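> Listed below are the residues making up each chain.
2 protein chains.
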Amino acid sequence: MNDHWKIPKLPGASAAVMFLALSIHANAQTPELASWNDGPAKQAIVAFVKEVTDKSGIKYVEPQDRIATFDQDGTLWVEHPLYTQAMFALTRLRELAAQHPEWEQSEPFKIVLANDYSAMANFSESDWTAILAATHAGMTTETFQALVKQWLATAKDARFHQPYTALVYQPMLEVMDYLRANGFRTYIVTGGGQEFARVYSQSVYGIPPEQVVGSSIQTKYEYQDGKPVLMREPKVFFVDDNAGKPVGMNLFIGKRPCAAFGNSTGDKQMMEWTQAGGGARLMMLVLHDDPVREYAYGPAGGLPDTKVGTFTQALYDEAKSRGWNIISMKNDWKRIFSFDK
Amino acid sequence: MNDHWKIPKLPGASAAVMFLALSIHANAQTPELASWNDGPAKQAIVAFVKEVTDKSGIKYVEPQDRIATFDQDGTLWVEHPLYTQAMFALTRLRELAAQHPEWEQSEPFKIVLANDYSAMANFSESDWTAILAATHAGMTTETFQALVKQWLATAKDARFHQPYTALVYQPMLEVMDYLRANGFRTYIVTGGGQEFARVYSQSVYGIPPEQVVGSSIQTKYEYQDGKPVLMREPKVFFVDDNAGKPVGMNLFIGKRPCAAFGNSTGDKQMMEWTQAGGGARLMMLVLHDDPVREYAYGPAGGLPDTKVGTFTQALYDEAKSRGWNIISMKNDWKRIFSFDK
Numbered sequence: 320m321n322d323h324w325k326i327p328k329l330p331g332a333s334a335a336v337m338f339l340a341l342s343i344h345a346n347a348q349t350p351e352l353a354s355w356n357d358g359p360a361k362q363a364i365v366a367f368v369k370e371v372t373d374k375s376g377i378k379y380v381e382p383q384d385r386i387a388t389f390d391q392d393g394t395l396w397v398e399h400p401l402y403t404q405a406m407f408a409l410t411r412l413r414e415l416a417a418q419h420p421e422w423e424q425s426e427p428f429k430i431v432l433a434n435d436y437s438a439m440a441n442f443s444e445s446d447w448t449a450i451l452a453a454t455h456a457g458m459t460t461e462t463f464q465a466l467v468k469q470w471l472a473t474a475k476d477a478r479f480h481q482p483y484t485a486l487v488y489q490p491m492l493e494v495m496d497y498l499r500a501n502g503f504r505t506y507i508v509t510g511g512g513q514e515f516a517r518v519y520s521q522s523v524y525g526i527p528p529e530q531v532v533g534s535s536i537q538t539k540y541e542y543q544d545g546k547p548v549l550m551r552e553p554k555v556f557f558v559d560d561n562a563g564k565p566v567g568m569n570l571f572i573g574k575r576p577c578a579a580f581g582n583s584t585g586d587k588q589m590m591e592w593t594q595a596g597g598g599a600r601l602m603m604l605v606l607h608d609d610p611v612r613e614y615a616y617g618p619a620g621g622l623p624d625t626k627v628g629t630f631t632q633a634l635y636d637e638a639k640s641r642g643w644n645i646i647s648m649k650n651d652w653k654r655i656f657s658f659d660k
Numbered sequence: 320m321n322d323h324w325k326i327p328k329l330p331g332a333s334a335a336v337m338f339l340a341l342s343i344h345a346n347a348q349t350p351e352l353a354s355w356n357d358g359p360a361k362q363a364i365v366a367f368v369k370e371v372t373d374k375s376g377i378k379y380v381e382p383q384d385r386i387a388t389f390d391q392d393g394t395l396w397v398e399h400p401l402y403t404q405a406m407f408a409l410t411r412l413r414e415l416a417a418q419h420p421e422w423e424q425s426e427p428f429k430i431v432l433a434n435d436y437s438a439m440a441n442f443s444e445s446d447w448t449a450i451l452a453a454t455h456a457g458m459t460t461e462t463f464q465a466l467v468k469q470w471l472a473t474a475k476d477a478r479f480h481q482p483y484t485a486l487v488y489q490p491m492l493e494v495m496d497y498l499r500a501n502g503f504r505t506y507i508v509t510g511g512g513q514e515f516a517r518v519y520s521q522s523v524y525g526i527p528p529e530q531v532v533g534s535s536i537q538t539k540y541e542y543q544d545g546k547p548v549l550m551r552e553p554k555v556f557f558v559d560d561n562a563g564k565p566v567g568m569n570l571f572i573g574k575r576p577c578a579a580f581g582n583s584t585g586d587k588q589m590m591e592w593t594q595a596g597g598g599a600r601l602m603m604l605v606l607h608d609d610p611v612r613e614y615a616y617g618p619a620g621g622l623p624d625t626k627v628g629t630f631t632q633a634l635y636d637e638a639k640s641r642g643w644n645i646i647s648m649k650n651d652w653k654r655i656f657s658f659d660k
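Listed in order, the protein sequences are those of chains A and B.
Just add 319 to the spot in the first sequence (first one is 1) and you have my numbering.
Just add 319 to the spot in the second sequence (first one is 1) and you have my numbering.
Bear in mind the hints are in silico, worked out from the structure with no lab data behind them.
As the structure is a computational prediction, the values presented were derived from the model and not from experiment.
Possibly wrong hints are sitting among the right ones.
Copies of the same chain look alike in the list, so a pair counts if it fits in one copy or across any two.
[Stated by the list, open to error] Under the rule of at most 30 Å between Cα atoms (straight-line distance), these lysine-lysine pairs were calculated in the DSBU-like manner:
no., residue 1, residue 2
1, K539, K554
2, K546, K574
3, K639, K546
4, K554, K574
5, K554, K639
6, K660, K475
7, K574, K539
8, K378, K468
9, K653, K639
10, K639, K429
11, K374, K554
12, K546, K369
13, K539, K639
14, K546, K374
15, K539, K468
16, K374, K649
17, K475, K574
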């Protein structure tokens, strides 16, 4: 939905890059953050946690108010060349095409079926809404969850030849563990689908479904053979992106986070809202500047189309002027994926 | 909103009943449920918890899935003669009247200002929406929370001469403690306002704001003097009542409860949804059948107007046929309020 449903041009050469740089460092000073280099990003995280948990300090935060929020796509896992959920939608559309011969003649479906990625890059929001309605609605929540689970178990990323759930950033898993070990509750606050992410949030991130805030479509309470079900309707209910993120955090959590992690303009208001709370605050943006081990886009250049991750130069400058921390994938992360050696 | 915003006729004589029956029983078998008589309701609760927590049993439930949901008005605290939040709305309307001389001439405001409760009893949903817009919107979430807090600190119920937050049912506080001691997370799932209940949920019920699911109005992310705020808009966003309760539970919790407590037709679908999950299940409805210590309405008769708590005879019969437990305030509760001796 919104920017999250914009599709980029598929990268050419870089999609074929298979070489994973080896990055071996020993003797990390903080074992909990073993995949982090000892640079400014790691130091900011450790200093923040120290402030929040120091009972004698003026920035001490009670455990019940230790809330940390994480954007998902591009912050916790790979969003290139396409958001994982969009990949699910396209796969499902192709599967359903046999039952819908009319799609061969109608946009936006025929573009997807022709694998015309450059045309998909220009899809409007209503195109994506049509795809969403065709692939994400008209079934119960339980059926939807089962479809997502099944797809995730078999689908693989074209570049890394890994299941999508293996493309999470190991350093971010460590940050979540580190925060939880220090009394924080970690939340996903994603522009992507809430019901989608809840399928795997516990197993992949250690985050229970009730701590996933995201975009949603309407559901309707109905009876099937006398049994109550929640039917997914082809109608957007809530868009948890941009200004929707503070709205969603207030709605679903009812507390303001003191730490927030993002990677794009869709996270800007989450950063602002977090910072405006006063006291100890940590705002961090992941910069994709590692074309060898992952991708480079946004201010780090590299890929020609930056629609996928709208980390604009303006956001970068704003982060610098407001004291939001930049996480350089290239410089701050020893290891990016758990399968990196 | 919806049924929750229907207003009853003010009871005549019973509103003046001040006598609180003394009910002293010693040696309760389960200390955690000290205010419960040892009847079928208490036995159902204890048997359910035993099943859920018995690791060797077939109905064992993992702690992360032990979710119990509680309706608020009429289930956790007194809803008669009017929901507490409606009382707040009317008080606030009267306070604001000086700045709105036009209200003297326009419905529904002039009816409220004339204290015409019998006319209020016939208010339509759009009347209540107008009152809601005038009293609950046009301010930031922080301002709203401060107003609620301030009002709750001073307002008192006319019959009991107690703050509204003292009119919670002691046996229900004990059930929540008992469930939490057995690994459950307790949620409020109310047709009333989510932001309203979050103001006092922690101090009154021991339930943190993030475990309060309720009705909500739209909020808008804005800037005031460069500082981000969430403005409350005069537009309903979500109605967490009737079929909205399963929708809300799926949306906000993402897990199906295995125990649910309610007291009216607004809770029927919550009961159905809870029961349909299979395994150990506990569905309980509070019956207001104690005109001496609290009120009697619904199938227990008593008050002439049952709009306030729509525990219909049909719901009572359905509960009996489906195995939902009835909690008789008169017979199952030794003590109703903490101030009862």
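> Does each hint fit the structure? Answer for all of them.
How the hints compare with the structure:
1. K539 to K554: both (11 Å within a copy, 21 Å between copies)
2. K546 to K574: Cα proximity of K546 and K574: across copies only (17 Å, versus 36 Å in one copy).
3. K639 to K546: Between copies, since 19 Å is at most 30 Å while 55 Å is not.
4. K554 to K574: both (28 Å within a copy, 22 Å between copies)
5. K554 to K639: For K554 and K639, neither the intra-copy (38 Å) nor the inter-copy (37 Å) Cα distance is at most 30 Å.
6. K660 to K475: This pair counts as within: shortest intra-copy Cα distance 20 Å, inter-copy 66 Å.
7. K574 to K539: Classified as both; 28 Å inside a copy, 16 Å across copies.
8. K378 to K468: Intra 42 Å, inter 25 Å, cutoff 30 Å: inter-copy only.
9. K653 to K639: within (23 Å within a copy, 63 Å between copies)
10. K639 to K429: So K639 and K429 fail the 30 Å test inside a copy (44 Å) and across (55 Å) alike.
11. K374 to K554: neither (47 Å within a copy, 42 Å between copies)
12. K546 to K369: Close across copies (27 Å), not inside one copy (51 Å); limit 30 Å.
13. K539 to K639: between (45 Å within a copy, 27 Å between copies)
14. K546 to K374: between (52 Å within a copy, 29 Å between copies)
15. K539 to K468: within (22 Å within a copy, 34 Å between copies)
16. K374 to K649: Neither: 35 Å inside a chain and 48 Å across chains, both beyond 30 Å.
17. K475 to K574: For K475 and K574, the Cα distance is within 30 Å only across copies (28 Å; inside one copy 37 Å).
Hints 5, 10, 11, 16, counting from the list given before, are not met by this structure.
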